[in-house]
Amino acid sequence: MRVMAQMAMVMNLDKCIGCHTCSVTCKQAWTNRNGMEYVWFNNVETRPGLGYPRRWQDQEEWKGGWTLKNGHLQLKTGGRLQKLLNIFSNPKMPGMDDYYEPWTYDYETLLNAPLQKNFPVAQPHSLITGKTMNVKWSANWDDDLGGAQEYAPKDPMLKGIEDKVKFEFEKTFMFYLPRICEHCLNPACAASCPSGAIYKREEDGIVLVDQDKCRGWRMCVSGCPYKKVYFNHKTGKAEKCTFCYPRIEVGIPTVCSETCVGRLRYIGIILYDPDKVLAAASVEDDQALYEAQLGCFLDPFDPEVQRAAEQQGIPMDWMEAARKSPVRRLIQDYKVALPLHPEYRTMPMVWYVPPLSPVVDVVKDTGHDAEEMGNLFGAIDALRIPVEYLAGLFTAGDIEPVNGVLRKLAAMRSYMRDINLGRDPDASIPEAVGMGEEEMYEMFRLLAIAKYNERYVIPTAHAEQAHRLEEIGTDCAVSAYDHSGDAEPFGVGSGPEVRIAVEDLRIRTARMKDDA
Amino acid sequence: MSTFLWVIFPYLCLAVFVVGHWWRYKYDKFGWTTRSSQLYEDNLLKWGSPLFHFGMLGVVGGHIIGLLLPKGWTDAIGISEETYHAFALGGGLVAGAMTFVGLVMLIYRRRTVRPVFKATTPMDKVMYLFLAGVILLGCWNTVASVIFDSHFNYRESVSPWFRQIFWFQPDASLMTGAPLGFQAHALLAFALFALWPFTRLVHVFSAPVGYLTRPYIVYRSRGSKVQDGLGNRSGSPTWERPSLDDAKR
Chain R
1 MRVMAQMAMV MNLDKCIGCH TCSVTCKQAW TNRNGMEYVW FNNVETRPGL
51 GYPRRWQDQE EWKGGWTLKN GHLQLKTGGR LQKLLNIFSN PKMPGMDDYY
101 EPWTYDYETL LNAPLQKNFP VAQPHSLITG KTMNVKWSAN WDDDLGGAQE
151 YAPKDPMLKG IEDKVKFEFE KTFMFYLPRI CEHCLNPACA ASCPSGAIYK
201 REEDGIVLVD QDKCRGWRMC VSGCPYKKVY FNHKTGKAEK CTFCYPRIEV
251 GIPTVCSETC VGRLRYIGII LYDPDKVLAA ASVEDDQALY EAQLGCFLDP
301 FDPEVQRAAE QQGIPMDWME AARKSPVRRL IQDYKVALPL HPEYRTMPMV
351 WYVPPLSPVV DVVKDTGHDA EEMGNLFGAI DALRIPVEYL AGLFTAGDIE
401 PVNGVLRKLA AMRSYMRDIN LGRDPDASIP EAVGMGEEEM YEMFRLLAIA
451 KYNERYVIPT AHAEQAHRLE EIGTDCAVSA YDHSGDAEPF GVGSGPEVRI
501 AVEDLRIRTA RMKDDA
Chain U
1 MSTFLWVIFP YLCLAVFVVG HWWRYKYDKF GWTTRSSQLY EDNLLKWGSP
51 LFHFGMLGVV GGHIIGLLLP KGWTDAIGIS EETYHAFALG GGLVAGAMTF
101 VGLVMLIYRR RTVRPVFKAT TPMDKVMYLF LAGVILLGCW NTVASVIFDS
151 HFNYRESVSP WFRQIFWFQP DASLMTGAPL GFQAHALLAF ALFALWPFTR
201 LVHVFSAPVG YLTRPYIVYR SRGSKVQDGL GNRSGSPTWE RPSLDDAKR
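Chains as they are written, first to last, in UniProt numbering: chain R, 1 to 516; chain U, 1 to 249.
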């Protein structure tokens with residue numbers, strides 16, 4: 001048995017209010033640079049909706065992730081040779097339009113406008129062409145179901161249930177899905193990289209792009225089914241969510257988690273056996289992938305696992321963290337967290353507690369008691385469409401696990417109401433979903449009121465010093481508006497290369513000397 | 001003058017080529033990329049780029065055969081001059097045409113698609129000038145040999161001279177007799193070699209053939225020093241396990 005530690009995240013979707021704070025703080029920290037204007041390592045999508053980039057879930061179109069061919073796992077875009085033959089023009093790469101054309105505003109006209117009768121207007125300018133543009137799409141254009149009549153039916157996850165959902169829309173079935181890189185156990189982006197620049201860290205499983213080894217072949221962008229690897233069009237290199245590894249290494253949570261208003265994110269370690277991953281990712285039935293992935297995880301309380309971990313040099317404080325891991329509890333103990341699109345076979349490691357709120361809302365609207373277990377259970381069974389939709393996201397369409405989670409959440413609701421109202425707790429409620437009273441209370445604590453230290457159990461890296469932060473470029477993406485270069489035959493407008501946070505010898509030397 | 005053109009100049013260019021690549025790799029790994037512009041525009045690229053690149057692979061293959069294989073070798077295995085010439089001409093015309101059409105499409109795209117043009121550096125423009133010059137002259141030499149039915153055999157002059165460069169005994173007189181088109185093609189090509197390490201052309205040396213054999217998933221330790229040197233970003237401290245030595249200190 002080999003034991004490896006994986007830094008993982010769980011998001012409790014019931015608590016997401018769609019405020020985009022995570023996206024904004026992440027952008028400020030990581031992607032507010034030239035070449036990354038269109039990039040959101042963290043984005044929040046309204047579901048049902050198209051997502052970002054548009055229709056990323058449609059793997060018939062994008063060919064992301066893995067597929068089974070004659071019982072063998074293969075990249076959906078094809079074998080290695082096929083990848084190399086396509087290297088001169090990647091046939092499955094989203095264009096700028098599939099994300100959106102980034103823009104800024106011509107604020108100067110506002111500041112310099114003379115006193116006048118009409119309000120001056122700041123026009124949007126494309127950050128790609130520098131010209132004025134019509135804003136037609138963005139990373140969350142269909143936020144809160146805005147324009148849902150037009151956009152939502154194109155949601156790839158609604159295939160086959162479009163007509164029924166129209167009816168459900170009137171009952172407002174909607175939730176938010178915050179997304180970051182999944183830091184998969186079987187990452188298709190890494191497998192797609194011709195240069196071998198994308199690697200998984202042995203210590204914590206974080207998937208990173210080596211900026212010095214990346215040669216800009218763009219295969220990772222198509223390989224990732226979640227479309228969470230992006231091409232920096234100024235540096236010509238791939239970039240992706242780093243799980244804020246400089247923060248994680250010193251024991252503090254990612255920026256998106258730290259700033260989450262709803263406190264819905266949990267970070268912790270999961271132990272797994274890397275030798276089991278390939279077999280688990282290769283099971284025949286898509287709907288068996290969730291269970292198969294659970295089968296890769298190891299129990300840190302198991303003495304045998306502990307022994308193996310010790311032999312393989314996993315530090316004691318990491319084992320302790322694995323035992324305390326809130327992520328492990330939600331995924332392995334309570335089994336209320338589910339993986340996003342297990343059918344992509346990448347073994348994702350950012351999991352989700354599916355939202356009960358669409359169900360609760362419907363029950364409430366009918367005037368029935370939305371805290372009563374029987375009512376909620378009945379509604380879960382009756383509301384096929386939201387449940388089917390959730391199953392499409394989290395269990396490759398298998399309704400049973402989603403039902404199971406929603407029942408647990410519903411039972412928790414009922415059980416806790418009695419306690420909150422000072423009534424005798426009803427032991428039959430947890431029993432109905434196969435849980436003990438204490439266990440249910442602990443789950444409630446973790447999901448509802450857990451404090452910072454319980455939500456984020458992050459052991460520090462064993463470099464007993466803070467990670468020396470490399471300079472991260474923060475030059476303003478709102479670059480000067482360039483109107484020149486339209487007419488000249490040799491194009492002055494194309495201009496010199498823009499230096500971003502390029503670490504070259506000169507800059508480094510200068511900085512070193514500065515410090516001295 | 002001929003010594004400068006056919007002996008000194010090639011060596012200067014090759015020296016810059018070799019040292020330049022070493023320097024670039026050491027100090028600017030971060031800048032070592034294809035600088036793809038596919039994100040901006042795909043419709044022209046998806047035809048132009050494969051045409052150009054596959055054509056170019058053919059052209060390079062043809063040059064390897066034509067320049068590096070001595071005529072004596074092909075004679076020895078019984079390939080007559082006519083067969084060789086027909087084969088070289090046929091292959092050369094196809095590969096040259098692909099490269100030429102691809103190049104025209106790509107340059108047209110670069111000039112007319114605004115985002116692509118905005119991402120074009122001055123160095124790119126210089127590089128395009130030389131690259132296009134070399135390719136056009138090469139095409140012209142091939143086409144001209146058909147039009148004028150020229151009997152100039154580069155395998156008895158240009159090729160031996162080129163090979164001599166590598167054992168440090170180039171005979172300039174071999175080149176002085178070559179037609180102007182061949183001379184210009186060779187000189188411009190050497191100039192392009194000198195320019196090479198400072199352009200995006202360095203991506204040629206990153207052709208990822210290793211991908212065919214490496215394992216799919218790469219694991220790497222946080223502490224592993226894959227690259228050392230000034231041009232990378234791995235100056236960060238590595239994970240050192242606490243050891244007894246630390247405790248004693």
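No lab work stands behind these hints: they were computed from the structure. There could be a bad hint or two in this list.
Calculated cross-link-like contacts (lysine-lysine; reagent style DSS-like; alpha-carbon spacing at most 25 Å) [said to hold, decoys possible]:
1. R:K131 - R:K69
2. R:K131 - U:K26
3. R:K234 - U:K125
4. U:K118 - R:K131
5. U:K26 - R:K234
6. U:K71 - R:K92
7. U:K118 - R:K63
Going down the list of hints, with the structure as the test:
At roughly 47 Å between alpha-carbon atoms, K131 of chain R and K69 of chain R are farther apart than 25 Å, so this suggested pair is violated. Pair hint K131 of chain R plus K26 of chain U does not hold up; C-alpha atoms about 38 Å apart against a cutoff of 25 Å. A C-alpha spacing of about 17 Å is found between K234 of chain R and K125 of chain U, which places the hinted pair at or below 25 Å, so the restraint holds. This hinted pair checks out: K118 of chain U and K131 of chain R have alpha carbons roughly 12 Å apart, not beyond 25 Å.
Under the criterion of a C-alpha separation no larger than 25 Å, the hint pairing K26 of chain U with K234 of chain R is consistent with the structure, at around 21 Å. Taken as a hint, the K71 of chain U and K92 of chain R pair is broken in the structure, with Cα atoms around 45 Å apart against an allowance of 25 Å. Annotation: proposed proximity of K118 of chain U to K63 of chain R is violated, straight-line Cα distance about 31 Å (limit 25 Å).
When held up to the earlier numbered hints, the structure conflicts with 1, 2, 6, 7 and fits the remainder.
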